[in-house]
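**Student:** Just need the whole structure built from these sequences, with the hints factored in.
Taken in sequence, the protein lines are chains A and B. Quick note on numbering: the first sequence equals residues -8 to 304 in the working numbering. Quick note on numbering: the second sequence equals residues 27 to 203 in the working numbering.
In case anyone wonders, no lab produced these hints; they're calculated from the structure.
Derived SDA-like pairs: lysine to any residue, alpha-carbon spacing no greater than 20 Å straight-line: (1) B/K114 x A/L70; (2) B/K114 x A/W96; (3) B/K37 x A/I(-4); (4) A/K272 x A/I208; (5) A/K42 x A/L134.
Here the structure is a predicted model, which means the values were calculated and not measured.
Okay, here's what each chain looks like letter by letter:
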Amino acid sequence: MREEIIVSGRNNYLIDPHLHIWHWQIPLYLFLGGLAAGILFFAAFFTLMGKEDKYKAAVKIAPHIVPWILVIGLFALLLDLKHKLYFWRLYTTIRLESPMSWGAWVLMLVTPLSFIWSAIHIKEIFPKWNWKFKILTDLETFLIKQKTPIAWVMGISSIILGVYTGILFSAFNARPLWNTSILGPLFLASGLSAGAAVIMLFATKHKERTMFARIDIGIIAVELFLIIHMFMGFLASTQVQIDAAGLFLGGPWTAPFWIFVVILGMIVPVFLEVLELRKFKIPVVIPAGLVLFGSLMLRFLISYAGQESRWLY
Amino acid sequence: MRYAMAIDTRKCVGCSDCVVACQTENNVPIGYCRDWVVEVTDGTYPQLELENRSERCNHCANSPCVRCCPTGASHYADGGIVLVAHNKCIGCGACITSCPYDARYSHPDGYVDKCTFCIHRIKKGLEPACVAACPTKCMYFGDLDDPKSPVSEVLKVRKYKTLIPEAGTDPQLYFLI
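**Tutor:** In structure tokens:
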């Protein structure tokens, strides 16, 4: 028998008995970042495919909420900082080794792009919108002409943003549950699926809605595949990763993960979307809401359970 | 120059003097500690084996905390000592999460804090407070590049281990076994 205990009474706040330095702010931000990445990706993709009018909700309507989503997400990030007045230090350096530095700079690129995208499509929502100053009208005309390059930059940076939300976790080898590169594509897929769900909510045409229901089904299938692969990887790895997987496979986080993320957040909405495609009348808010809920829960559970996985003691 | 520490697990009695010495020397906020003592019991009575380890930041040569810091606040000082520049730290917690030894904490003033190997004392030619206070003299500190330093001398003649080297951090705390 082996017993390993700290006898000097270490009880550092938020570190002991197990790490909990990141509260709700980080998973909420990761969800919002992923969702914004998903919406922007579809907007850019269908613009570049020349299907702006066919998929109007994706290109011209849903992206209007992205600036708000990002601002709320950035505010959550600020709340997470414990030395808030120094936040500008993020922007006095570029550290290629640090995923958080990457994230800060990608947000610096994506946030203004989302505002620009919203601005050049504002007339879709408010047809009588008037910029009032000539310089703004000229700027709008100029930006509309540059839509293709903007869409390219936006599409690529949204993928980086979506992947980064997962890499942020997977770069920490100190937390065995996070230390898998599958989290990058898994969080990107989860963000794309959440983005498709929001577009379904905004879609007025039945054709567009069924298209995004199809896309969503495909992405959720990929997510399920990635989740299975993640656990296979853990179980074939070192003892600390086997223990980390145990948190979701019989451990304290098992029920929330499989019920909220996998069943309610993936399997049920896929089932409802398939029924919708088979001409059953399903209110779109149910599958879309469940997908968003599952995507949020995925971030929360991975974040909280990951902080409990460890190497020592 | 490469500062390191060796801790004799056979001499340590687990008195926690090192912990108190550190808290006093470094004005560590109440309720926090930069070093701690781990007691490992192996076996079943009456065949028991005990190991006491005084632990702290491992001042890793390949520090995940320095790597993940988005502002460069966590950095290597002279001799490989891992330090946090308070006026660059935004308190994001990335380094705390990245440390497999859980050696860091968020100081109530906002920045991240941890063991500094008492760099202010080293600069004056003194030993770190924990080493100086140890009643059994179980800790050895010095420069690994200097073959005459106490830590180099003791590592030449004793068997030692480091903590979770498989985490890839290249820790610089050596436990004599």
